[in-house]
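Asker: Each chain is listed here by its residues.
2 protein chains.
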Amino acid sequence: MIKIVVDCFGGDHSPKANVDGALAALSKTPDLFIVLTGDESLLREELDGKEYDASRLEIVHAPDIIGCDERPIDAVRLKRDSSMIKAVRMLRDMDDVHAIVSTGSTGALVAAALTRVGRLRGVIRPAFCPVLPTMDGGIVGICDSGANVEVTPDHLRQFAIMASLYMERTYGVKSPRVALLNVGKEAEKGDEIRQVAYKLLEETPEINFVGNMESRDLLSGSYDVVVCDGFSGNVLVKTTEGTALELLKKLKKDIYSRTLYKIGALLMKRMFADEKEFMNYQNYGGSVLLGTSKTVVKGHGSSKAKAVEKCIEQAYRMETSGLGPAIEEVILKYEHYQD
Amino acid sequence: MIKIVVDCFGGDHSPKANVDGALAALSKTPDLFIVLTGDESLLREELDGKEYDASRLEIVHAPDIIGCDERPIDAVRLKRDSSMIKAVRMLRDMDDVHAIVSTGSTGALVAAALTRVGRLRGVIRPAFCPVLPTMDGGIVGICDSGANVEVTPDHLRQFAIMASLYMERTYGVKSPRVALLNVGKEAEKGDEIRQVAYKLLEETPEINFVGNMESRDLLSGSYDVVVCDGFSGNVLVKTTEGTALELLKKLKKDIYSRTLYKIGALLMKRMFADEKEFMNYQNYGGSVLLGTSKTVVKGHGSSKAKAVEKCIEQAYRMETSGLGPAIEEVILKYEHYQD
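Sequence lines, in order, name chains A and B. So for the first sequence, this note's numbering puts the first residue at 145; every next one is plus one. So for the second sequence, this note's numbering puts the first residue at 145; every next one is plus one.
If you're looking for bench data, these hints aren't it; they were derived computationally from the structure. Treat the hints with caution; some may be incorrect.
For chains that are exact copies, the list does not tell them apart, and a pair is met inside one copy or across any two.
As the list claims (entries may be wrong) - 27 Å max Cα-Cα, derived BS3-like pairs, lysine-lysine:
(1) K397 - K420
(2) K333 - K413
(3) K147 - K406
(4) K397 - K413
(5) K393 - K406
None of these values were measured; they are calculated from a predicted model.
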């Protein structure tokens, strides 16, 4: 049985999206056990009248909520009765709890995970790895996308190892093509961190390093993993999402500007719906934190039930695929680790 | 008379695009004088049969070409007879030559400009400032987009001052809204460089600093200038261009997948052409290098005649708007400068 805690508050559509997503995942996966954290009476209200296997669902009362504007470290220290911190503490204290899924404050979740859950052996810095769709129908993982705004070449090598194993084991990508985000393709491009990292990545036979990637090629389908510092990775992911959304908005506005366009768009209704669905991050699950000793998945703040369900599936796959031990095995070849 | 040197080789469509762009600019601007550098016989061939005011056009023979794969510093040192280096040396040596426009190697142009042309008084690091269209019909300048992969808070303040004056004087943007690219809106976000830069920008009354910007809001129309290090700025600009292009490609492919969509698209033909034009960087000129003692404009390698013409217009406006002296005046308030 895989036991996953779902933090049911802190998202834009909480607790409904979190509860409905949890129930959907529960019904599809027989060996899944879900713990919901949050205000018990609100959660009971949300569950009321819905069908589910009550023997695989538990509620843990946690009346407090962490807001997005709270300082992460303060929230972790002071809001022990919040749905998020209670969930993280269950992860820390209970051997049979495997993973957490949260749609709450990213900063608080990272701070709580790092200080309360700890890291896999040998991992210096856990890193976020969201996944985006590529134009050929595939996906690409971006690691790190924001947990570490400053990095060293060694960190970047670890991100590459972790993300490569993640794409392989969780998404079934064979021998993932790993690229280093840089300002040009040539090995000597970028600052010293990038230049040294390039060499380290070349000297790591456990990954399939294919060289530098310029950001304009992210969606081309030529890469499965992009390694970067959390600052530029954050820019990469959010610029892609932002540009896609702004363009769709503009198209919609322009379509409404003329009757002829409206008729044309009517014929293409299905296609536009498909494009929108294709670019909807809710279909691609959350951003996992790689390198923590237990699985942490962060869903988008605006996640609806479907996105929460995807996040739970992701956490389940990570736990059942032996990802953690696989990461430790490779990382420990390169890092000295003392228990 | 404003004298501008146009480096006619090194671009994908050189020399035709460069020559045609130069002639178009020449015909529209009576007090413009153009110098073309490159292989004289090839340039004469290109000019053959075309109408132009020969009294305002000069050819300077430079038979060599710098390739995109050459090491910038070597190219600057060794290829003295190349169209680019000869153009840069004219800029350095001749008082009446005001600006250079090139579609050749970015690295070589930056290296040549910094070592041969020099900087405005007080400027620590010149920086690139390309301009992108926003979804409300405006534009946004991004500075730096690649000349400096590592920066200090002082550099970022200088980028802000230079880019703000550039948008104001060259594009007529009143009191440009300047933002700092960061991983979140709050003042304490990002690394130490960003945190210190935030304070410096707040303490600079000559600019209208509006706070941090997350990359997803770049095209929203809420900002006129975005300040960033050259690494993340490069990611920002190229991700935007890349995402827009990939999406248009996908739309086109999907349209061709069904007859119904093809008919719909036919009704919307004009609209799609407008969208394509809207996203065509050729309409927005080149990336100017701010902070050099004379004007340097870098056109996209794939520039066609229209884009080259826009670059020349840009260089002309920069020279006639008193941008350089205006930058020096503000920068020197904050930097000690010794001649």
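Asker: If a hint holds in the structure, say so; if it doesn't, say that too.
Answerer: Outcome of the hint check:
| no. | hint | in the structure |
| --- | --- | --- |
| 1 | K397 - K420 | both (15 Å within a copy, 15 Å between copies) |
| 2 | K333 - K413 | neither (44 Å within a copy, 41 Å between copies) |
| 3 | K147 - K406 | neither (49 Å within a copy, 50 Å between copies) |
| 4 | K397 - K413 | both (15 Å within a copy, 16 Å between copies) |
| 5 | K393 - K406 | both (15 Å within a copy, 22 Å between copies) |
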